[in-house]
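Chain by chain, the residues:
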Amino acid sequence: MTTRSLSCSRVPRGVPISRREAGRYLLAGTGLVLGGGWHAAAGKAAPVTAKAKSVIQIWLWGGACHVDTFDPKPAAGTDYSGPLKSPISTKVTGMQIGELLPELAKQADKYSLIRSMTHGNNGHETASYLVQTARQPGDGSVYPCAGAVVSLFRGYSAGYEGLIPPYIVLTRPQGRFSEAGFLGSRYKPFATGGDPAQSQFVVEGVVAQGITQERQKGRRQLLGDLNTLQKTLSGNAELAASEKCEQQAYDLILGDAGKVFDLNQEPAELRERYGRNTFGQSCLLARRLVEKGVPYTTINYSGWDTHKGHFQIMQRKLPELDKGLATLLQDLSERGLLESTIIWCCGEFGRTPRVQWEAPWNGGRGHYGNVFSVLVAGGGFRGGQVVGASTDRGEEVQDRPVYPADLIGSMYELLGIDSAAQLPHPQGQQVTVLSTATESTKSGGRLRELV
Amino acid sequence: MTTCLLYVAVLAAGSVTAEGIAAEPTVFESSSELSPQGRIDELVLSRLQQLGLQPARICSDGVFVRRVFLDVIGTLPTAQEAREFLQDQDPDKRRTLIDRLLLRGEFADYWAMKWSDLLRVKAEFPINLWPNAAQAYHRWIHTSIQQNRPYDQFVRDLLTANGSNFRVGQVNFYRAVQDKTPQGLAQAVALTFLGARADKWPPDRLAGMAAFFSQISYTPTGEWKEEIVSFNPATPGTEEPPASAIFPDGTPVKLQPDEDPRVVFADWLIRAENPWFARPVVNRAWCWLLGRGIIHEPDDIRPDNAPSNPELLAFLEQEFIASKYDLRHLYRLILNSQTYQLSSVARSDKPEAAANFAYYPLRRLDAEVLIDAVNQITGTSEEYSSAVPEPFTYMPEGQRAVALPDGSITSPFLEMFGRPARDTGLESERSNRPTADQRLHLLNSSHIQRKIENSPKLQALLAPTSAGRPAGFNKAKQARRYRYLGIAQDPRGSGDAQSTETAVTSLYLTFLSRFPTQTELTQVTEYAKSASSAREALTDVVWALLNSAEFLYRH
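Those sequence lines, one after another, are chains A and B. If you use our numbering, the first sequence corresponds to residues 8 to 458, in order. If you use our numbering, the second sequence corresponds to residues 39 to 593, in order.
Since the hints were made in silico from the structure, they are not lab data. Fair warning: this is a prediction, and the values are worked out from it, not measured in the lab.
Derived pair list, reagent style DSBU-like, types lysine-lysine, alpha-carbon separation capped at 30 Å: (1) A/K224 to B/K567; (2) B/K495 to A/K224; (3) A/K238 to B/K388; (4) A/K238 to B/K567.
Chain A regions said to be covered by chain B (calculated; three or more residues, Cβ under 8 Å): (5) 205 to 213; (6) 220 to 234; (7) 237 to 250; (8) 253 to 265.
Have a look at the derived ranges for each label pair, beta carbon to beta carbon: (9) B/S568 to A/E273: 32 to 40 Å; (10) A/R323 to B/D217: 52 to 60 Å; (11) B/P240 to A/D146: 34 to 42 Å; (12) A/G242 to B/S568: 26 to 34 Å.
For every residue, glycine included, the Cβ atom is placed at its ideal position computed from N, Cα and C.
The task is simple: from the sequences and hints, build the whole structure.
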């Protein structure tokens, strides 16, 4: 375990845990781990030139259809577009998007679209791994995904001091190939659990179901009264360390630190604009986390694996996505935070552009990794641009392929993370943040068009 | 011995608290006089006297029953077990309890867990034993402990076995090492059995020892992931095996080409006169029971890391050899000493007090022991699984964490509370250091909240007095349940105040293995009056006891 200098005056000398360190483990739900010293190499501070400070990843789990969202193909006919035949114009001349995204159309100057993302993999887990790590699966190591890498380089080792962990997932974990990989549980995201759209957002460890603040306070008092051993051994160093940890825990339970999760502090009108559903309120929460300096937040937005009933589901989900994401862009922009906050929105792949009308799908779409779309915004990415193109029927890359490494590498650049820096590896293997030229990772080049 | 007695008596009489009042024994201390019970106590107390350090008092029966259960079988006593011990009038009841615990089934579970940490029993990454092999390895360790196999035979077997990793569990010793070069294996042997960090040795000494481990082959078979570990005499065309090797004490030895050099090493190691053999393990055993080695850290033995009490170490070593390497005998000897039975309420805050065992040190419960204790009390269960490799391993409901056979089978709780990764075999891999996320988890997680609120055992205690009998109520079953909980009768039967007191007494026996003090009873009664319902108040008391230092620590 590396020892860092204490940075916070609230931690007395001699307490064998620093506030930073405490925060690092705090809430992680996964804990301390891996005694060895190999973490010591971790996380050199980012250069001051970094444009982006935070990332919000909107993860369309299951794979959203590019043709219905950011790359409409009305000319390909209803076998491709289904009932969504009338794409709409946006604030940006020449950029058209799906008809169920009118709010996003109004914000089009704030984001850009990549219409030529590709990796060719059609398995959920492997494609998720590819898109978020930019590494080919199956070489024996499980690499960390972008959130864990950012948490390593922009988290506690780089000056982040919050009690809220540096890498948050709203609200359910994404699974083992979308997490910390060999960096270990220390860099796993904190998944809040609960539902921010409920009147009480139950956050694991912070807000307990059915226990009022009054009762929390009463309990704390009771614990103090009944803690006979603690009182008998006052001055015991072991117990003093534990007591310090308890104070930090109560900063989250009863103090200000945990208030970031209290969406009731936001105006009702704004909550309405984000959409009173789990996704919309997650977007609002992501903005609050960005305001607190949290480096990486993933909104794990599931329900996009639409093999059947595809268009009915789109009628319901796309307006939700539209409202939440468009309001997030506008809200961040109005608060001057969009310049320093990267948003990226995509799933692990697209969906088969040709609608599967046949049984048993009866109007569904399958997995499609050949080509799909990504929305990027903020943090130094220019808005109002379209990068690359797919073919007329949205089936192949027509122009300027963009591979996962190109997108993630560009984000790291904006965050001031050196892609050639070493990652700490448990067995001391020499591995860099992204593959080097000698390793055979496909690349179409960084997104110079947007940076 | 007489001088010790006198010394102790004088100190006790003169003992004052910080407030300047002669201290009454606390609930954690016994009023009985500290008097040496044997050679261990003589050696420890005379050392303390030399240093001018006052030992703590003897611990109370409540502290003892809890401590000895946790230290010997890694298991919390039930309310019933605690009550029986507390009410037992036999003056020799501590000795009787120690004997009984050393024969309990959980003894082998708990010590197999400890040894599996050192022997790195883990299916996957970075050790890669594979699940069947980890299970076989653990089974061999468990059986050895259960049958009380003498330690010299245990070590010799680990060092010299040949055979399949699936069938001859102990051969996995040589597989459970990240660096399988002769030097890497020699380092693992040195750490495990000599308690020494060979990477700090002069290079020629390590190289001399490495020669003993240069002829091991790992041969795959037709079965998936099976490997035969065996002595590999020189095969034509390969490098010549080394003709000589050097024992860690510097003695060179000639190796015969057809002789397994591991056997040569093992036979050198386990000789009674070899100072490298018994000392490390008796020091470890002492450390496991008393929280600190006589040489500390117990796996960092080197000439410049002197024992705090050399005579004590020498005595334990002689006893261990004379008992033919019987670890249970060694434990019994230590556990029956007054030194082990000192209270954790220190009466000297000088730093040498800890190193010289003037009091029992506080230690947070091991991750596995803690969650097992919570599950035992609440009657709930955990899910344990191994995510790698596929197919995943899932343990059946009711699995105790202490008895998990494989370090890759885990849960978020175990990881959060510092269960060792079993990557290196170092004692320090286990971290019982408190962190804020641990506190948050115990204070406020849904995991713990559900255990408390959905606990059938606790709800039986906390049920409001006005509640009617549930459908299918079975009087005999209910009586059994109350016996199990350590309470005489239905706590709902009598008046409110009395039933609260009965329930609180049972909770204290359940969580802390002692009766509540009058002050504590009053505090709880007051709290119950202020709460909106008796049931809610008692739930809060459960929560507070679970979060108290007395529950979370060995003390």
